[in-house]
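Going line by line, the protein sequences match chains E and R.
Just so we're aligned, residue 184 is where the first sequence starts under the numbering used here, counting upward by one.
Just so we're aligned, residue 11 is where the second sequence starts under the numbering used here, counting upward by one.
A hint or two may mislead.
Under 8 Å between C-beta atoms, here's a sample of chain R residues computed to sit facing chain E [as the list claims (entries may be wrong)]: (1) 77; (2) 78; (3) 89; (4) 151; (5) 170.
Derived Cβ-Cβ restraints for the label pairs, each shown as a range [to be verified]: (6) R:51 x E:392: 20 to 26 Å; (7) R:21 x E:188: 54 to 60 Å; (8) R:149 x E:391: 23 to 29 Å; (9) E:394 x R:51: 47 to 53 Å; (10) E:394 x R:124: 36 to 42 Å; (11) E:247 x R:169: 50 to 56 Å; (12) R:99 x E:213: 34 to 40 Å; (13) R:99 x E:276: 26 to 32 Å; (14) E:379 x R:170: 39 to 45 Å; (15) R:70 x E:247: 27 to 33 Å; (16) E:370 x R:70: 30 to 36 Å; (17) R:149 x E:212: 19 to 25 Å.
Computed list of chain R residues with no C-beta within reach of chain E, every gap over 12 Å [as the list claims (entries may be wrong)]: (18) 39; (19) 82; (20) 115; (21) 150.
It is worth saying that the hints were derived from the structure and are not from the lab.
By construction, the Cβ of each residue, glycine as well, lies at the ideal position given by its N, Cα and C atoms.
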Amino acid sequence: MAGDAHLFEYALRLGDDSLVLGQRLGEWCGHGPMLEVDLTLANVALDLIGQATHFLDYAGQVEGAGRDGDRLAFHRDVYDFRNCLLVEQPNGDFAQTMARQFLFSNQQVLFLERLSGSGDATLAGVAAKAVKEVAYHAQVSSEWVIRLGDGTDESRARMAAGLEWMWRFVDELFETDAVDEAVVAAGIGVDKAALRPEFDARVGAVLADAGLETPPARRPVLGGRTGRHSEHLGHLLSQMQFLQRAYPGATW
Amino acid sequence: MTATADVAAPALKDRLMRVLAEVPDPEIPVVSVVDLGIVRGVREGPSPAVLITPTYTGCPATLVIEASIRAALDNAGHADVEVETVLSPPWSTDWISEEGREKLRAYGIAPPPKGAAGASLRNAEAAECPQCRSTHTEEISRFGSTPCKALWRCLDCAEPFDRFKCH
């Protein structure tokens with residue numbers, strides 16, 4: 184059985200990934216290149232924030248220190264966030280946002296498929312529900328990668344640049360540390376490294392359809408799981424947490 | 011318990027289900043939380059509870075639904091019945107009742123085909139236009155006004171319509 188400390192950390196990571204990416208996508212609301220895209224981004228954001236609520240509430244329960252999902256979301260500073268670096272990357276242009284979504288969702292759909300078989304009933308329940316929604320996210324972002332990659336010179340160049348920006352952060356999605364090892368050994372976590380071949384095949388097939396080169400391997404950038412974040416996350420939190428920083432404990 | 015007693019005092023479950031059948035979904039008020047399959051069941055016994063399940067993970071109506079059910083139970087004299095959320099097995103559109111599907115159609119929302127949940131996340135088959143029943147239709151956007159709906163258009167009668175996504 185994994186200790187509660189490991190389970191807390193695991194649920195926190197999952198919650199933070201969804202929360203930070205949901206917040207990032209929310210920045211597009213009202214700025215999408217067309218109405219349908221605006222709706223898409225807002226809906227994906229909503230799904231992710233729903234996942235974050237479930238995972239962070241559960242993390243709080245496991246911790247047993249009286250913190251709920253809101254407390255964890257709004258009353259921690261940068262160094263206490265455990266999300267991967269990919270999700271905190273800036274939106275850039277629409278192609279850069281789609282590159283980030285494409286890589287994240289294609290990993291997340293494989294991850295949640297496995298997590299829905301977790302020995303932990305809460306993690307399994309959240310995963311089984313969310314995986315159906317994430318399948319949409321993976322599909323819609325893959326379609327945009329193809330449309331932009333196989334589009335005009337301009338759209339193709341932007342899509343390639345977006346992938347180039349995000350590619351450094353892919354390895355972290357499959358990073359396995361002591362927390363992962365403990366939850367996998369306890370039968371409640373997912374062996375992320377084992378997902379890599381299927382991820383590479385999925386991503387490779389879409390890039391081939393898009394007529395885009397798979398970017399060359401880069402030195403991986405790691406650190407999100409231990410709270411070493413890029414400068415982008417602090418700015419995101421300053422906006423997301425503004426109200427609770429200005430009026431701690433405010434409710435309505 | 012005798013048959014007479016049953017008539018005099020219907021089982022708690024039946025009484026609760028009658029109350030719940032009157033609680034509308036906040037986003038699509040023509041269907042009830044029972045029609046949509048949000049009510050998973052009733053637990054009788056010493057700690058009675060209504061068991062509900064969220065439809066979509068990020069559905070912002072979830073909290074409103076829970077509050078509406080709480081209020082309806084209180085108003086019907088069931089303040090002692092708890093409302094509990096269960097996540098597993100996950101909700102799917104197959105849980106929408108036949109009556110619920112008809113109500114959706116009459117309201118102008120193409121209902122998901124029965125038994126199609128999970129089989130077709132792409133929702134690739136043409137939806138049936140709830141106005142003219144044509145299947146000569148096309149998807150405008152996979153994401154619509156709420157997490158549960160996609161936006162479609164009828165190519166015969168030219169009306170846009172919402173399609174409840176298979177899920």
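Each hint, compared with the structure:
{"no.": "1", "hint": "77", "in the structure": "violated, 15 Å"}
{"no.": "2", "hint": "78", "in the structure": "violated, 19 Å"}
{"no.": "3", "hint": "89", "in the structure": "violated, 24 Å"}
{"no.": "4", "hint": "151", "in the structure": "holds, 4 Å"}
{"no.": "5", "hint": "170", "in the structure": "violated, 12 Å"}
{"no.": "6", "hint": "R:51 x E:392: 20 to 26 Å", "in the structure": "violated, 45 Å"}
{"no.": "7", "hint": "R:21 x E:188: 54 to 60 Å", "in the structure": "violated, 46 Å"}
{"no.": "8", "hint": "R:149 x E:391: 23 to 29 Å", "in the structure": "holds, 25 Å"}
{"no.": "9", "hint": "E:394 x R:51: 47 to 53 Å", "in the structure": "holds, 52 Å"}
{"no.": "10", "hint": "E:394 x R:124: 36 to 42 Å", "in the structure": "holds, 40 Å"}
{"no.": "11", "hint": "E:247 x R:169: 50 to 56 Å", "in the structure": "holds, 54 Å"}
{"no.": "12", "hint": "R:99 x E:213: 34 to 40 Å", "in the structure": "holds, 37 Å"}
{"no.": "13", "hint": "R:99 x E:276: 26 to 32 Å", "in the structure": "violated, 41 Å"}
{"no.": "14", "hint": "E:379 x R:170: 39 to 45 Å", "in the structure": "holds, 42 Å"}
{"no.": "15", "hint": "R:70 x E:247: 27 to 33 Å", "in the structure": "holds, 28 Å"}
{"no.": "16", "hint": "E:370 x R:70: 30 to 36 Å", "in the structure": "holds, 34 Å"}
{"no.": "17", "hint": "R:149 x E:212: 19 to 25 Å", "in the structure": "holds, 22 Å"}
{"no.": "18", "hint": "39", "in the structure": "holds, 20 Å"}
{"no.": "19", "hint": "82", "in the structure": "holds, 24 Å"}
{"no.": "20", "hint": "115", "in the structure": "holds, 23 Å"}
{"no.": "21", "hint": "150", "in the structure": "violated, 7 Å"}
The structure fails to meet hints 1, 2, 3, 5, 6, 7, 13, 21 from the earlier list, while all remaining hints are met.
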